[in-house]
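Kindly produce the complete structure, drawing on both the sequences and the hints.
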Amino acid sequence: QSALTQPASVSGSPGQSITISCTGTSSDVGGYNFVSWYQQHPGKAPKLMIYDVSNRPSGVSNRFSGSKSGNTASLTISGLQADDEADYYCSSYTSSATLDVFGTGTKVTVL
Amino acid sequence: QVQLVESGGGLVKPGGSLRLSCAASGFTFSDYYMGWIRQAPGKGLEWFSYISNSGTIIYYADSVKGRFTISRDNAKNSLHLQMNSLRAEDTAVYYCARGLGGGYCSSTSCYHAFDIWGQGTMVTVSS
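Chains A and B are the protein sequences, given in the same order.
If you want this note's numbering, it's the 1-based position in the first sequence plus 19.
If you want this note's numbering, it's the 1-based position in the second sequence plus 6.
It is possible that some hints are incorrect.
Claimed, not checked - Cross-link-like lysine-lysine pairs, in silico, DSSO-like; alpha carbons within 27 Å at most:
{"hint": "1", "chain 1": "A", "residue 1": "K126", "chain 2": "A", "residue 2": "K87"}
{"hint": "2", "chain 1": "B", "residue 1": "K49", "chain 2": "B", "residue 2": "K71"}
{"hint": "3", "chain 1": "B", "residue 1": "K71", "chain 2": "B", "residue 2": "K82"}
{"hint": "4", "chain 1": "A", "residue 1": "K87", "chain 2": "A", "residue 2": "K66"}
{"hint": "5", "chain 1": "A", "residue 1": "K66", "chain 2": "A", "residue 2": "K126"}
{"hint": "6", "chain 1": "B", "residue 1": "K49", "chain 2": "A", "residue 2": "K87"}
{"hint": "7", "chain 1": "B", "residue 1": "K82", "chain 2": "B", "residue 2": "K49"}
{"hint": "8", "chain 1": "B", "residue 1": "K71", "chain 2": "B", "residue 2": "K19"}
{"hint": "9", "chain 1": "A", "residue 1": "K66", "chain 2": "B", "residue 2": "K82"}
{"hint": "10", "chain 1": "B", "residue 1": "K49", "chain 2": "A", "residue 2": "K126"}
{"hint": "11", "chain 1": "A", "residue 1": "K126", "chain 2": "A", "residue 2": "K63"}
{"hint": "12", "chain 1": "B", "residue 1": "K49", "chain 2": "A", "residue 2": "K66"}
{"hint": "13", "chain 1": "B", "residue 1": "K49", "chain 2": "A", "residue 2": "K63"}
Said to hold, decoys possible - Label-pair distances were calculated between CB atoms; the ranges are:
{"hint": "14", "chain 1": "A", "residue 1": "S21", "chain 2": "B", "residue 2": "G48", "range": "13 to 23 Å"}
{"hint": "15", "chain 1": "B", "residue 1": "S23", "chain 2": "A", "residue 2": "S36", "range": "44 to 54 Å"}
{"hint": "16", "chain 1": "A", "residue 1": "R82", "chain 2": "B", "residue 2": "G21", "range": "42 to 52 Å"}
{"hint": "17", "chain 1": "B", "residue 1": "G22", "chain 2": "A", "residue 2": "T95", "range": "38 to 48 Å"}
{"hint": "18", "chain 1": "A", "residue 1": "N74", "chain 2": "B", "residue 2": "K71", "range": "29 to 39 Å"}
{"hint": "19", "chain 1": "B", "residue 1": "E95", "chain 2": "A", "residue 2": "S28", "range": "36 to 46 Å"}
{"hint": "20", "chain 1": "B", "residue 1": "S60", "chain 2": "A", "residue 2": "N74", "range": "18 to 28 Å"}
In short, the hints are calculated from the structure, not lab data.
Please read all numbers here as calculations on a predicted model, not as lab measurements.
Cβ coordinates follow ideal geometry from the N, Cα and C atoms, glycine included.
Spelled out as structure tokens, the structure:
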């Protein structure tokens, strides 16, 4: 099972909105509404930001939103802030492997 | 507060064994599915093991199947990972994590979002 494809990097200025894509296949992202997104600051554990495509866990800012179209899921960060600078990983249910497949990761830079 | 704390990492030679533990606190451990996720240096995340709240349902990724064993002790609020026949490619930070809600499993595959993570413990496999 190959990793889901994410852009290596995305950048934006404070206050702007950015979108991170996560592209898979009909065996994973496109076939099921089971996509999660994680934020990871350097040297820290990942933090769950979105689950089941578009749900936010308690305590996560509503500046973070998730969606899906076809085989591509997306994470949008609105009102970009300095603390949003981190690595972001998507993960998805896959019928091709036993456990979720993760994306390749995207480094978000706040200019 | 809700917390997971891993321990047991270290340096081990190829072919050797190591046992990781994860101590849970601040929540009813026996209510939650748990997972182990690892991250090789400078690389992405890999979810490789999963156990139901009762311990009766267990899954492994192909990369560790037959070498690693996940277990839990609900009376002691602890999760364990026995790692045998370790290889250089097992070198990584190992995280334990709590599953959010019920997750989803078909007959062959599972999905779960993980809402609480430990700080991680480093495992280095090298001669």
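So, going through the hints one by one against the coordinates:
1. K126/A <-> K87/A: It holds: about 20 Å lies between the C-alpha atoms, which stays within 27 Å.
2. K49/B <-> K71/B: Status holds; Cα separation ~21 Å.
3. K71/B <-> K82/B: Distance ~26 Å between K71/B and K82/B Cα, so the pair holds.
4. K87/A <-> K66/A: holds (20 Å)
5. K66/A <-> K126/A: holds (15 Å)
6. K49/B <-> K87/A: Holds, because 25 Å separates the two Cα atoms, which is no more than 27 Å.
7. K82/B <-> K49/B: violated (33 Å)
8. K71/B <-> K19/B: holds (19 Å)
9. K66/A <-> K82/B: holds (25 Å)
10. K49/B <-> K126/A: holds (12 Å)
11. K126/A <-> K63/A: Within the cut-off at roughly 14 Å; holds.
12. K49/B <-> K66/A: With a Cα-Cα distance of about 17 Å, the restraint between K49/B and K66/A holds, given a limit of 27 Å.
13. K49/B <-> K63/A: Holds: K49/B and K63/A sit about 14 Å apart, inside 27 Å.
14. S21/A <-> G48/B: 13 to 23 Å: holds (19 Å)
15. S23/B <-> S36/A: 44 to 54 Å: This hint holds: roughly 49 Å between Cβ atoms.
16. R82/A <-> G21/B: 42 to 52 Å: Given a distance of about 48 Å, which is inside 42 to 52 Å, the answer is holds.
17. G22/B <-> T95/A: 38 to 48 Å: holds (45 Å)
18. N74/A <-> K71/B: 29 to 39 Å: holds (31 Å)
19. E95/B <-> S28/A: 36 to 46 Å: violated (26 Å)
20. S60/B <-> N74/A: 18 to 28 Å: holds (26 Å)
Violated hints, listed in ascending order, are 7, 19; each of the other numbered hints is respected by the structure.
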